[in-house]
Each structure stands twice: as structure tokens, then as C-alpha cells.
Amino acid sequence: MGEWSSFISIVRNLSLLYVTHKYVGTAAITYGPSMLPTLNITGNVLLVERISIRTGKLRPGDVVILRSPQTPRKIICKRLIGMEGDQVTYVVDPKNSDRCKTIVVPKGHVWVEGDYIYDSKDSRNFGAVPYGLLEGRAFWTLLPRKDFGSLAPKPKS
Amino acid sequence: MRQWRSIAREAVAQVSIVVKFLSFLHVTDSYLFSFTHVLGPSMLPTLNINGDVVLVEHLSHRIGKVGAGDLVLVRSPLDPRKTLTKRILAVEGDKVTFCLDPPRDPTRDYRSRSLVVPKGHVWIQGDNWYASTDSRHFGPVPYGLIQGKVFLRVWPPNSFGSLGQ
Chain A
1 MGEWSSFISI VRNLSLLYVT HKYVGTAAIT YGPSMLPTLN ITGNVLLVER ISIRTGKLRP
61 GDVVILRSPQ TPRKIICKRL IGMEGDQVTY VVDPKNSDRC KTIVVPKGHV WVEGDYIYDS
121 KDSRNFGAVP YGLLEGRAFW TLLPRKDFGS LAPKPKS
Chain B
1 MRQWRSIARE AVAQVSIVVK FLSFLHVTDS YLFSFTHVLG PSMLPTLNIN GDVVLVEHLS
61 HRIGKVGAGD LVLVRSPLDP RKTLTKRILA VEGDKVTFCL DPPRDPTRDY RSRSLVVPKG
121 HVWIQGDNWY ASTDSRHFGP VPYGLIQGKV FLRVWPPNSF GSLGQ
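For the protein sequence lines, the chains are A and B, in the order given. Once you know that position 79 of the first sequence is 79 in UniProt numbering, the rest is easy, because the numbers rise by one and skip nothing. Once you know that position 150 of the second sequence is 150 in UniProt numbering, the rest is easy, because the numbers rise by one and skip nothing.
Since the hints were derived computationally from the structure, they do not count as laboratory data. Accuracy of the hints is not assured; some may be wrong.
[Stated by the list, open to error] Computed, partial: chain B to chain A, Cβ under 8 angstroms:
#1 21
#2 27
#3 80
#4 145
[To be verified] Stretch-level coverage of chain B by chain A, calculated; a stretch enters the list once three of its residues show a Cβ under 8 angstroms from a Cβ in chain A:
#5 70-78
#6 115-128
[As the list claims (entries may be wrong)] No farther apart than 25 angstroms at their CA atoms in a straight line, the calculated lysine-lysine pairs in the DSS-like style are these:
#7 A:121 / A:101
#8 A:107 / B:82
#9 B:119 / A:107
Note that the coordinates shown come from a computational prediction; the quantities given were computed from them, not determined experimentally. Every residue gets a Cβ at the ideal spot worked out from N, C-alpha and C, and that includes glycine.
Model the full assembly from the supplied sequences, consistent with the hints where possible.
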């Protein structure tokens, strides 16, 4: 009887943790070069909140995590550049040419780009992503300790 | 003062039990099964226009076992607050040929088009092609927008049963 009630309480605590993770906020580990210099190539631990996504209070300039439209199991971290209806001008292939393209973000979609456009697979490659793929907004860096604090707005090139 | 404190402590304990139980229900709901009310003409004759209650399971799409021919709940790429019920006709890599139903603009051509579904995407269509806004209008949708697979209809009771191909 004792083991059963402790099992039940563990299940309940885990469920509460899960609901917080799904609806309030969570931590995320990021790695890769696409968000240099804002995030490290070897990894950061970020605090992510999910409330802005649900209430629609996102603004261009926010760092967001989203499900990749090409690989549905992968979660990627990019910066929000344009919401639906915005006009976005971007450099198509910065390593090879300076050619720019301007598009309007379609309804129900957002445009995301990595801060380090020379090595980032983002909306310039796979197009605008549906808003439903957004998972959370990263607002605070926990690790490494020297970067502890809120995330920088996009550095001007 | 001590009375209030013990009452407050008991209230917090009771509320936390309720909250934890509701969280447990929610976990079951989003990872196992849920009942969903679906309505609209886009899935006639499979689903009624006035509404059916169906049992949706949320496991298959997480392990990648959702494929062509399945009825799925999918988040709309045009309006993220809406959930659509459609059938998957093709998965990534398949070639899709489709006709747009007669367009409202009579000067536009009414011809069939073909395309290959890109990586990580699926092609969804309603069973009632004449009254359905689906991939023929907004293109293939990313697999990540699928929320669950519909497999059983529970209401109205005279059409209780599994929903097939």
C-alpha cells in the first residue's frame, strides 16, 4: 500500500512537471554555428517560455525554437525576422553573391533566420514556416556562465 | 492566527493534489487518447457535416507511424489556432497529381498539376474535394503540424465504428 501511494505521487509530480514544461517554460540545449555570435557553437543552455507563442505576443527580433519543417523530430533555434504580412528582404546566398530577394510572409507563417547567415539553414532555404511549428521563445541564457543573462538583440552587421 | 495557518496549509495541500491529478489527465490526453468533436463538409461522406465525436490517438505521429490513407488532426498552416481533420494522401518523396476544382476566377485555367512532396512534409486532402480547403490550396504541410490520428468514431451512436480508408 505504501509503495502504491508513493508511485501515484511520483506520477502526479511528473505530470505536473510535464504540464509546466509544455505550457509554461522549459530549458533547451542548443549547439551549432547558425546563431553565432549570439549563441556558442559548442552549446548553450537557454530558458524557453511557451506563453508568448500561445498568446501571439511574439515580435520580430525574438529568438525562438521551432520544429524543423524538413526533419520533424529536430528542434532548431533561430531568430524571428518577420511575422505574417511583413515584407522581408534577405541575402539569398551570402557566401557566393550579394543578391537580395524581397518577399511577403504569407498568412499563418513566420520567417526565421539564423544570426550567422553564412552557415545557417533557415527560411532562406526552406521558406516561411507555419506558425504552428513554433515551440517556444528563448529569453535567458543559463550556461555558459559568462553569457548568463538575457539574449542580445540582433547584432547590426 | 494559528488556525488560519493550518487552514491555509490544508487548502494548499488539497489544491496541489487536484492540480497534479489534472496534469496527469492532461498527459494522458495529449499522449494517448482524446475525444474530439469534428464538423464541417470537407470530409463527407466519411464524417458528417453536423459533427461527430471521434477518438484520436496521439502516439502514432510521434513515432512516425502515420502514413498515406490515415485520417489525421493537423494544425492549419493558415491559422495556427485552428485544427483541421483531413486525410493524408501522400508522404515525402511521393508524386502528387491534382486538379483544382473550377476556380472562382473564370479566366484562370482549370488544369491538373503535379508535384513531388518535399522532405519532411505530407499532402493532405479532405474526402469531399468540392468543399475542402487543403493541400491543393496551401501546399504540402510539414509533418510537425500533425497532432494525432483519428481511428474511431464514438458519436452518433448509429455510426459507431472505426474509420477506414
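Each hint tested on the structure:
1. With 8 angstroms as the threshold, the beta carbon of residue 21 of chain B comes within range of chain A, its nearest partner Cβ sitting at about 6 angstroms, so the hint holds.
2. Interface hint at residue 27 of chain B: satisfied, since its Cβ lies 5 angstroms from the closest Cβ of chain A, which is below the 8 angstroms cut-off.
3. Because the smallest distance between the Cβ of residue 80 of chain B and any Cβ of chain A comes to about 4 angstroms, under 8 angstroms, the interface hint for this residue holds.
4. Taking 8 angstroms as the C-beta contact cut-off toward chain A, the hint placing residue 145 of chain B at the interface holds, the least distance being around 5 angstroms.
5. Counting residues of the stretch 70-78 of chain B whose CB falls under 8 angstroms from any CB of chain A gives 4; the rule of at least 3 is met.
6. With 4 residues bearing a CB less than 8 angstroms from a CB of chain A, the stretch 115-128 of chain B meets the requirement of three and the coverage assertion stands.
7. As the CA atoms of residue 121 of chain A and residue 101 of chain A are separated by approximately 16 angstroms, the hinted pair is consistent with the 25 angstroms bound.
8. Taking the CA atoms of residue 107 of chain A and residue 82 of chain B, the gap is near 13 angstroms; set against the 25 angstroms cutoff, the hint holds.
9. For a cut-off of 25 angstroms, the pair hint linking residue 119 of chain B to residue 107 of chain A stands: about 22 angstroms separates their Cα positions.
When the structure is compared with the earlier hints, no violation turns up for any of them.
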